[in-house]
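Novice: Here are the chains, one letter per residue:
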Amino acid sequence: MTLRERAEATGRVEKLLGFPEPPDWKREGARVIAHRVGPTAILETILVDRGKLSGALEDTPVLCTEGVVGRIYRSGFSVATVLLLNDPSSRIAVVGRDNRAAGVIYGMGAGEQLMVKYVGLKSTIEVGEILVTSGMDGVFPKGLPVARVTAVRREEGTLFMDVQADPLVDIPRLEEVLLLKRAVRPEDARALWD
Amino acid sequence: MLATLWWLAFTVLGIWGQSLLPGVDFFAPGMAVSLRWQKSGATIALTVAWVAIQEGAGGLAFGYAILWYAILFMLLTVGRWLLDPGSIQFQALLGLALGLAHFLLLYLMAVLEMRAFPLLRVLGECLLQAVLYPVLWYAAESLFPKRLKRVREESA
Chain A
1 MTLRERAEAT GRVEKLLGFP EPPDWKREGA RVIAHRVGPT AILETILVDR GKLSGALEDT
61 PVLCTEGVVG RIYRSGFSVA TVLLLNDPSS RIAVVGRDNR AAGVIYGMGA GEQLMVKYVG
121 LKSTIEVGEI LVTSGMDGVF PKGLPVARVT AVRREEGTLF MDVQADPLVD IPRLEEVLLL
181 KRAVRPEDAR ALWD
Chain B
1 MLATLWWLAF TVLGIWGQSL LPGVDFFAPG MAVSLRWQKS GATIALTVAW VAIQEGAGGL
61 AFGYAILWYA ILFMLLTVGR WLLDPGSIQF QALLGLALGL AHFLLLYLMA VLEMRAFPLL
121 RVLGECLLQA VLYPVLWYAA ESLFPKRLKR VREESA
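So the sequence lines, in the order shown, correspond to chains A and B.
So for the first sequence, the working numbering puts the first residue at 1; every next one is plus one.
So for the second sequence, the working numbering puts the first residue at 1; every next one is plus one.
Heads up, a few of these hints could be off.
Label-pair ranges, simulated between beta-carbon atoms [unchecked claim]: (1) A:K52 x B:E113: 15 to 23 Å; (2) B:E113 x A:L17: 33 to 41 Å; (3) A:Y118 x B:I44: 50 to 58 Å; (4) A:R6 x B:M1: 48 to 56 Å; (5) B:T77 x A:E66: 48 to 56 Å; (6) B:L128 x A:D24: 45 to 53 Å; (7) B:W81 x A:D166: 50 to 58 Å; (8) B:F117 x A:T65: 28 to 36 Å.
Worth flagging that the hints you see were computed from the coordinates, not collected in a lab.
C-beta: ideal position from N, C-alpha, C; glycine also.
Let's have the full structure, built from the sequences with the hints guiding it.
Specialist: See below:
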């Protein structure tokens, strides 16, 4: 690694460490070691250098400084596969940061815009508004930035608006990410009450 | 020793190619070369290593790579009885069959796992697989050391 590359990497890692830790969650840095590889790479995924040995379990939220990247879909001993937010199988519950309109972000594939479904016709949502996680999916903590609204259409005869959004994260350029681990696992919460 | 080094280089280049063109198997031509010139034990060892790489790097549940290389092995074995395994025409036909097999296997796995199936992207990958397979086979066959070919011919 050249001195210049090391300096750039340090800058990125410092930025990542500056990311505020949500309450009851612990963050851990991870390096992206591969993007889609091989004939079985049907899903939009990346590989990171953290696995079960370091506590990176399935459904661990993955972020970068710009916002949500996805969640861990499959975890090995020392590496994990991250399902990216633009994969057609990905679903993230969100709300508008300003107007609090709730919806669910669907991935539509690489290079495609995200679709925001189930935004009620009476809700208020504006082009340019940032969508943040609502925490309703039980995977992501509340308030993480996910996408920016690019188009809003109200159509007759439907209950919901047609909303499109752009991810805030530049996925092909990802090199380091943050994993968010629960400080208290949901199954432990009951024990705390008892 | 030479064989080990050659296959190591082939596998490393294959991984590099696969990260450059996701959705395409760069190891498949290696199986054709290995089956033709090497003992079956070497082909089995190589296939096990490639299955582990493909399954570990891919996003699907375990099984695709085993089915994929089993189909390739079957096509190569049956095809050898009917056609000359050293001809580019045979390998081009095999490339077309692999393109189709890639589509069917991915569709099967996506349905079983209830995953979205990106039709256009997969079709593009199938086309690439069909076109690249004979080209890669030709390159691998030409670059495979003559010394190793002779060893096989003598022992056969």
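Novice: Evaluate each hint against the coordinates.
Specialist: Here is what the structure says about each hint:
{"no.": "1", "hint": "A:K52 x B:E113: 15 to 23 Å", "result": "21 Å, holds"}
{"no.": "2", "hint": "B:E113 x A:L17: 33 to 41 Å", "result": "36 Å, holds"}
{"no.": "3", "hint": "A:Y118 x B:I44: 50 to 58 Å", "result": "52 Å, holds"}
{"no.": "4", "hint": "A:R6 x B:M1: 48 to 56 Å", "result": "37 Å, violated"}
{"no.": "5", "hint": "B:T77 x A:E66: 48 to 56 Å", "result": "51 Å, holds"}
{"no.": "6", "hint": "B:L128 x A:D24: 45 to 53 Å", "result": "46 Å, holds"}
{"no.": "7", "hint": "B:W81 x A:D166: 50 to 58 Å", "result": "55 Å, holds"}
{"no.": "8", "hint": "B:F117 x A:T65: 28 to 36 Å", "result": "33 Å, holds"}
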